[in-house]
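The sequence shown runs -20 to -1, 1 to 874 under mature numbering (1 follows the signal peptide of the UniProt record, and there is no 0).
Where hints are given, some of them may not hold.
Claimed, not checked - Computed cross-link-like contacts, DMTMM-like style, restricted to lysine to aspartate or glutamate with a CA-CA straight-line distance of at most 20 Å:
| # | residue 1 | residue 2 |
| --- | --- | --- |
| 1 | 257 | 776 |
| 2 | 257 | 338 |
| 3 | 59 | 201 |
Unchecked claim - Cβ pair distances, simulated, as ranges:
| # | residue 1 | residue 2 | range |
| --- | --- | --- | --- |
| 4 | 741 | 766 | 17 to 23 Å |
| 5 | 301 | 673 | 23 to 29 Å |
| 6 | 410 | 768 | 28 to 34 Å |
| 7 | 300 | 57 | 45 to 51 Å |
| 8 | 416 | 336 | 36 to 42 Å |
| 9 | 768 | 413 | 46 to 52 Å |
| 10 | 726 | 434 | 18 to 24 Å |
| 11 | 766 | 251 | 29 to 35 Å |
| 12 | 359 | 673 | 19 to 25 Å |
| 13 | 722 | 300 | 45 to 51 Å |
| 14 | 251 | 468 | 36 to 42 Å |
| 15 | 859 | 414 | 47 to 53 Å |
| 16 | 411 | 188 | 21 to 27 Å |
Bear in mind the hints are in silico, worked out from the structure with no lab data behind them. Even glycine gets a Cβ: it sits at the ideal position worked out from N, Cα and C.
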Amino acid sequence: MKKSICLLGLLMILVSVCFAQPEGKGRRNLAMIARVTGSGNEFLHLYDGVLPENKAGAAPVKRNRSSRPGPQWVQYEWKQPVAVKEIALYWHDFNGSEPLPAAYHIQYWNGNAFVPVTNVAGSALHNDELNHSSFDEIKTTRLRLEIDAAYWQVAPLQEWIVYQTEGTAYPPVVEAGIDRDVMLNGKTYLAGAIRSSTPVQRIAWTKTSGPGTVTFSNAGDKAGTAVFSAPGDYVLSLTAGSGNQQATSALKVKVVMPPPARRLDVVYTRRYKVDNKLWSDRVRAMIVNWIPFCIDQCERTDLTVGNGGLDNFIEAAKALRGAPHGRHKGYVFSNAWVHQTVEAMCEALMVDPQGDPEMIAAQQKMQQTLDRWIPIILAAQEADGYLQTAFTLRDTSVWHKRWSPEGRGNHEGYVAGYFIESAINHYTLTEGKDKRLYNAAKKLADCWVAHIGPGKNAWYDGHQEMEQALVRFGRFVNDMEGHQSHGDSYIRLARFLLDNRNGGSSYDQSHVPVQQQYEAVGHAVRATYNYSGMADVAAETGDVDYQSAVMSLWDNMVNRKYYITGGIGSGETSEGFGPDFSLGNNAYCESCSSCGLIFFQYKMNLAYHDARYADLYEETMYNALLGSLSLDGNYFTYTNALSTGQPRYAWHVCPCCVGNIPRTLLMLPTWMYVRGNRGLYVNLFVGSTIKVDNIAGTDVEMVQKTDYPWSGKVTINVNPAQSKAFTVYVRVPNRTTSRLYTAVPQVQGLRSLSVNGKPVAWKMHQGYAAVTRVWRKGDHIDVELPMEIQRVKADERIAADKGMIALRYGPLVYNVEAADQDITRRISNGSLRLQWRPDLLHGVMVISGTWADGAPLLAVPNYSRMNRVPATAEPAEETREPLSRIWIRTNVSE
C-alpha cells in the first residue's frame, strides 16, 4: 500500500503538482482545486490523481476518519462559483471491516443554506468501483455529501470526483509551503504544492521582499532550495499558470543568526535540598505518596488496567534461561513506566529529607526497591545487551526480528531510551560507586551501535525517545570517562536514527526528512521527543539544516500551537497537534508532552544561551506539568484541559505518564542551573541548596532563599570552594513567551539587583542579568522580580478564546472553580487583588475581584485545580459543564 499523508482538521488537501483527467476524455475534475472540510479530522487524498482498485494492492486505500460517531459530512469549497451536474464516488469497505454507508445525500450552498440537489440519477453504493450521480446543474461555491455512516468513520470513501460542466478553466490552487526560519548561510527546502484541473504550464519562485538576495536552486520547479545573503524577514512567492489562468502563494522566511559554536553544559542532578513553600510541598507529595504508589502498581500482578510491570522482567528472565515462562502483559512499551519509576526513585533519593520521618520512610522503601528491582531488570537483558521484554516474550510467528520496518510500532527505542536515562541518575545517586545500570546501559547502547548505522540497518523507531536518550547518555559517558569512550558513537547513532525518518507518516514525524520539517505535526509526545533529539544533534554537530528545522519547529509550535499553560497538543490528531491556532479549551495537553516540551526548551536554552527558552519551560513546568498530580500526590491526570470537570484518578489504561511526571519534576538541579565557559546560569528560582561542579575550575554551592512564585524576592548565595572570577547570569523573566498571548500590564525586567547589599553594575545578556566578579564564599545576590496580576488576551485567530481573558501572576496561570462561584459569569472591569490563603489548597496566593454582577470572584493557580472534587480509580467522564476553567468571559462593555 502507498503511504498516505495525514491531513488534519480542516486542512486543504495538497498533493504536489496534481493534474489528472477523470474518467471520460477531456473532463475536468474540480475537486483538484477545492478545499476539503468535514466532520472528521483526517482526509487522506480524497482526490490524489489515483483511482483505487481492489487488485492485490495495485493502488492504495485511504482511511478518512471522523472525530465523532453518527452521521458524517464531507465538503468541497471553491474560491469562486463553479458549475456542476455530475459527481463520482469510489467506496472501499476494507474487506468488510468497515461497512459502506446506508445512503448518502448531495447538497449545495445556495447562498443562504445547504439544500439538496434535484433530479438525482444514480446514487449507487457499489464497492471498489466509481459510482456516478448526475443531477440538475447547479452553480455554487460549496458542495457537500451527507453520509448515513454505518460506522463511526467516513473511511470507506476513497475518492470524490466533481466533473466540471463545460466552461472556462479555473486558476490552479497554489501553496508555497509552511512559513519557517532558516540559519544565515543555510538553505531552506522548498516543496510547493500545485493543484489544477488543467495542465500546469508555468511554475516560478521569486523573491517578493527581504533585505538581501535569494538564490534558488531551481526557480522553475516547485521543489528545490533557497539560500539567503542577509538576516531578516523575507517573502517568497510561488506562481503557477495554466493557459491564461494563474495563481500565486506567499511563503514567509525569517533568516536568523546561528547559535553559538559551543553549547552550554548540563548540570547533573545530584544530592540537593529544597526549602520553598510551593516546591517543598510538591516534592514531598511525590516522594511520600506518588512514587511509592507507582512502585506498588509496578509490582502488582493482578492489574486489569495498565498492567505489565515488573512481572514482565521476571518472565523474560525465565525465557532467557530456558525456563517455563508466562506471556508478556500489557502494551509492548509497558517497560517504560518501570524504567521511569527507577529514574524517579533515584532522583527522590537525592533529595534531603531534612528529618521528615515520612520522607525518610519513603526513601528507605525506594532504596529497598532499587536493591530488589535492579537484579530483576538486568536478568531480562539479553546477552548482547538488547533489552525489551515484549520482544523476549514475543510470539515469534508474528514478531520475527528486531529493528524491522514492520516493527516500528513496537517501541524498541522508546523503552530502551528510558532504561538508558534511568542509568544516568542511578550513577549520580551512587556517585559512580554502583555502575550496574550504567554498564548495562552502555551494553545496550553498544548493541544498537553494532546493528544500526551506515552499511548496517537503516532504521527508525515509531515512537522517538532513544534519540534524545542516546545524546544525553553520550554526553554523560564523555563527561564521566572522556571522549576516548563510546559516548560519541551514541551521539552519532542518535543522528543516524533521525536521518532515517522519511517516507512515513506525519503522526510519528517520519513524513519527510527531519531537516525539511518546519511545522509541528502529529503525536505531541513523539514530536517533542523528536524535536528535542534534533536540538541535541544540532548542538553537537553544528549542522545548519538541523538548526534551521529545529528553529522553525520551535517557532511554529510556540507561536501557533501553544496553550497559555505551556501545554501542547489539542488532541485533534490522536494525542497530537491540530492546525495553526486550533486551541480548544478541552485541550488534550498530555502530561508526557509537557515533559517532552520541557526537555526541548531546555535543549534550546543550552544551544542558544538565551533565557527565553527557560521562560518557556518554567511556564510549562508550573502550569502544564505541576498540576498533573493532585496536591496530596495520590492521583494524577493523563490530560490537562484548560476547561474541565474531570477529576484526577489513580491509574490509566496507558500509564506512560505515571513515572515520567516525577522523573521530570525531580530533576530540579538540572532545570535550575546550566554551566558555561567561566559562567553559571540561574534559570529557575526555587529555595534550595545545590552544588554545581566545575565553574572556572571550582565547585560552587548555590543556595537560593525565596518564596517565589508567591513573591519576587530572591536571594542567591554563591559559595565557591575557592575564590574565582566568573560570571553569574541571573534570568530576567519575560512573561511574553508566545506571540499568541498579550498581557496587561507588561511584566519584565528587574526591580532591583545588588551584591552583598550594594547595587552593582550588570549587563543584560540574552535575557540574563550578567554579574562578573571574583566570587568568594558568603557572597550573595539579591534580586527582586516584578510580580503583578496580568489580564491576558489570546490572538483573535484562536476561536475558542474570543471574548475571554485569563489571569496570570508571575509564572502562574489561574483558574476559576465552581467550588467557589458560578464560573459561567462574566468578569468585571474592576481591580484585582492578591491574598495569601494558607488554609486553601496547601497554601496558595489567590486572586480576588468581582464578577460583572458584583459577586465576589476567586481564582486559584491552575496547578491546584480540581483538588476539591473526589478523585476516581480510573478516568471518569467529563461533566456537562466545566468545574474549573482558565479562560473567563469578559464584561460586555469591554
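Evaluated hints:
{"no.": "1", "hint": "257 x 776", "verdict": "37 Å, violated"}
{"no.": "2", "hint": "257 x 338", "verdict": "18 Å, holds"}
{"no.": "3", "hint": "59 x 201", "verdict": "25 Å, violated"}
{"no.": "4", "hint": "741 x 766: 17 to 23 Å", "verdict": "20 Å, holds"}
{"no.": "5", "hint": "301 x 673: 23 to 29 Å", "verdict": "42 Å, violated"}
{"no.": "6", "hint": "410 x 768: 28 to 34 Å", "verdict": "45 Å, violated"}
{"no.": "7", "hint": "300 x 57: 45 to 51 Å", "verdict": "59 Å, violated"}
{"no.": "8", "hint": "416 x 336: 36 to 42 Å", "verdict": "29 Å, violated"}
{"no.": "9", "hint": "768 x 413: 46 to 52 Å", "verdict": "49 Å, holds"}
{"no.": "10", "hint": "726 x 434: 18 to 24 Å", "verdict": "51 Å, violated"}
{"no.": "11", "hint": "766 x 251: 29 to 35 Å", "verdict": "33 Å, holds"}
{"no.": "12", "hint": "359 x 673: 19 to 25 Å", "verdict": "34 Å, violated"}
{"no.": "13", "hint": "722 x 300: 45 to 51 Å", "verdict": "59 Å, violated"}
{"no.": "14", "hint": "251 x 468: 36 to 42 Å", "verdict": "29 Å, violated"}
{"no.": "15", "hint": "859 x 414: 47 to 53 Å", "verdict": "49 Å, holds"}
{"no.": "16", "hint": "411 x 188: 21 to 27 Å", "verdict": "59 Å, violated"}
Comparing the model with each earlier hint shows violations of hints 1, 3, 5, 6, 7, 8, 10, 12, 13, 14, 16; every other hint is respected.
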